[in-house]
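Undergrad: Each chain is listed here by its residues.
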Amino acid sequence: RKEVEQDPGPFNVPEGATVAFNCTYSNSASQSFFWYRQDCRKEPKLLMSVYSSGNEDGRFTAQLNRASQYISLLIRDSKLSDSATYLCVGVYNFNKFYFGSGTKLNVKP
Amino acid sequence: GAVVSQHPSWVICKSGTSVKIECRSLDFQATTMFWYRQFPKQSLMLMATSNEGSKATYEQGVEKDKFLINHASLTLSTLTVTSAHPEDSSFYICSAYPPGGAGSEQYFGPGTRLTVT
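Residue numbers (the numbering used here), protein chains in the order written: chain A, 1 to 109; chain B, 1001 to 1117.
Pulled out of the complex, with its shape left as it was, chain A reads as follows (with noise of 0.2 Å):
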């Protein structure tokens, strides 16, 4: 089993849509957690942290529920911009980073 899972998508959205990913990890013990956009052959850049009391940055929030092992990213109001691959992040032994499979999201005009 995989320590980070992501539903691939893709996420087929129009532009000014509410749309939202979820992550689940397996490994109660990871310490943290990260939400990365990586773009078509370009290197993973950081989108936001994510703690359990909720990180909102503009249009993106992010959660942790670590009762539920699953974290989450909520983006508004879409933007063509926006298309990327989302890969979420689990921290463990504090320094290795296990990465979902990415979730793809599409905006369309």
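Quick caveat, the hints were computed from the structure, so don't treat them as lab data.
Mixed in with the good hints there might be a few duds.
Unchecked claim - A short list of chain B residues far from chain A (calculated; beta carbon distances all over 10 Å):
hint, residue
1, 1074
2, 1075
3, 1113
Claimed, not checked - Heads up, simulated BS3-like pairs for lysine-lysine below, C-alpha to C-alpha not over 25 Å straight-line:
hint, chain 1, residue 1, chain 2, residue 2
4, A, 42, B, 1055
5, A, 108, B, 1041
6, B, 1064, A, 2
7, A, 104, B, 1041
8, A, 96, A, 79
9, B, 1041, B, 1055
10, A, 2, A, 104
11, A, 96, B, 1014
12, A, 96, B, 1055
13, A, 79, B, 1041
14, A, 42, A, 2
15, A, 45, B, 1066
16, A, 42, B, 1041
17, A, 96, A, 2
18, B, 1014, B, 1055
19, A, 45, A, 79
20, B, 1064, B, 1014
21, A, 96, B, 1041
22, A, 96, B, 1020
23, A, 45, A, 108
24, B, 1066, A, 96
25, A, 42, A, 79
26, B, 1041, A, 2
27, A, 79, A, 108
Note that the coordinates shown come from a computational prediction; the quantities given were computed from them, not determined experimentally.
C-beta: ideal position from N, C-alpha, C; glycine also.
Model the placement of chain B on the given structure of chain A, informed by the hints.
TA: Quick look at chain B alone, frame taken from chain A:
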């Protein structure tokens, strides 16, 4: 923010040859760097943890004799794919975080696309 570079950005080699990929931290010292591999339409898979001045730690299923890692300085780690085969064709990405940054954001290099013919 911190910058990590990789060289080369892409390489084509013949089967049986070896390829060296460099990962450099440009504006910070990195005692630990990480090497990932990403096959098309798949996620990044951690291959190994590169530790400055000591042996790398490999993830289960990664052949240490095939993927040689050398972290000779605080700003440079190298990955050498030995006796490359077409199935080694992949996108190789390194990452690092500054000392004391364990568990925090990792900074990723731009990746090296390896094609073995």
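Undergrad: Look at each hint and say if it fits the structure.
TA: Going through the hints against the structure:
1. 1074: 16 Å, holds
2. 1075: 18 Å, holds
3. 1113: 8 Å, violated
4. A:42 with B:1055: The hint is violated at about 29 Å.
5. A:108 with B:1041: The given pair, whose Cα atoms are some 21 Å apart, holds under the 25 Å limit.
6. B:1064 with A:2: 22 Å, holds
7. A:104 with B:1041: The hint holds at about 10 Å.
8. A:96 with A:79: 32 Å, violated
9. B:1041 with B:1055: Roughly 31 Å between the alpha carbons, so the hint for residue 1041 of chain B and residue 1055 of chain B is violated.
10. A:2 with A:104: Judged against 25 Å, a Cα distance of about 18 Å means the pair holds.
11. A:96 with B:1014: 32 Å, violated
12. A:96 with B:1055: Status holds; Cα separation ~16 Å.
13. A:79 with B:1041: OK: residue 79 of chain A and residue 1041 of chain B at ~23 Å, within 25 Å.
14. A:42 with A:2: 23 Å, holds
15. A:45 with B:1066: Violated: residue 45 of chain A and residue 1066 of chain B sit about 29 Å apart, past 25 Å.
16. A:42 with B:1041: 12 Å, holds
17. A:96 with A:2: Within the cut-off at roughly 14 Å; holds.
18. B:1014 with B:1055: 28 Å, violated
19. A:45 with A:79: With a Cα-Cα distance of about 18 Å, the restraint between residue 45 of chain A and residue 79 of chain A holds, given a limit of 25 Å.
20. B:1064 with B:1014: With a Cα-Cα distance of about 21 Å, the restraint between residue 1064 of chain B and residue 1014 of chain B holds, given a limit of 25 Å.
21. A:96 with B:1041: 22 Å, holds
22. A:96 with B:1020: 23 Å, holds
23. A:45 with A:108: With a Cα-Cα distance of about 22 Å, the restraint between residue 45 of chain A and residue 108 of chain A holds, given a limit of 25 Å.
24. B:1066 with A:96: Roughly 21 Å separates the two Cα atoms, so the pair holds.
25. A:42 with A:79: 20 Å, holds
26. B:1041 with A:2: The hint holds at about 16 Å.
27. A:79 with A:108: With Cα atoms ~8 Å apart, residue 79 of chain A and residue 108 of chain A stay inside 25 Å; holds.
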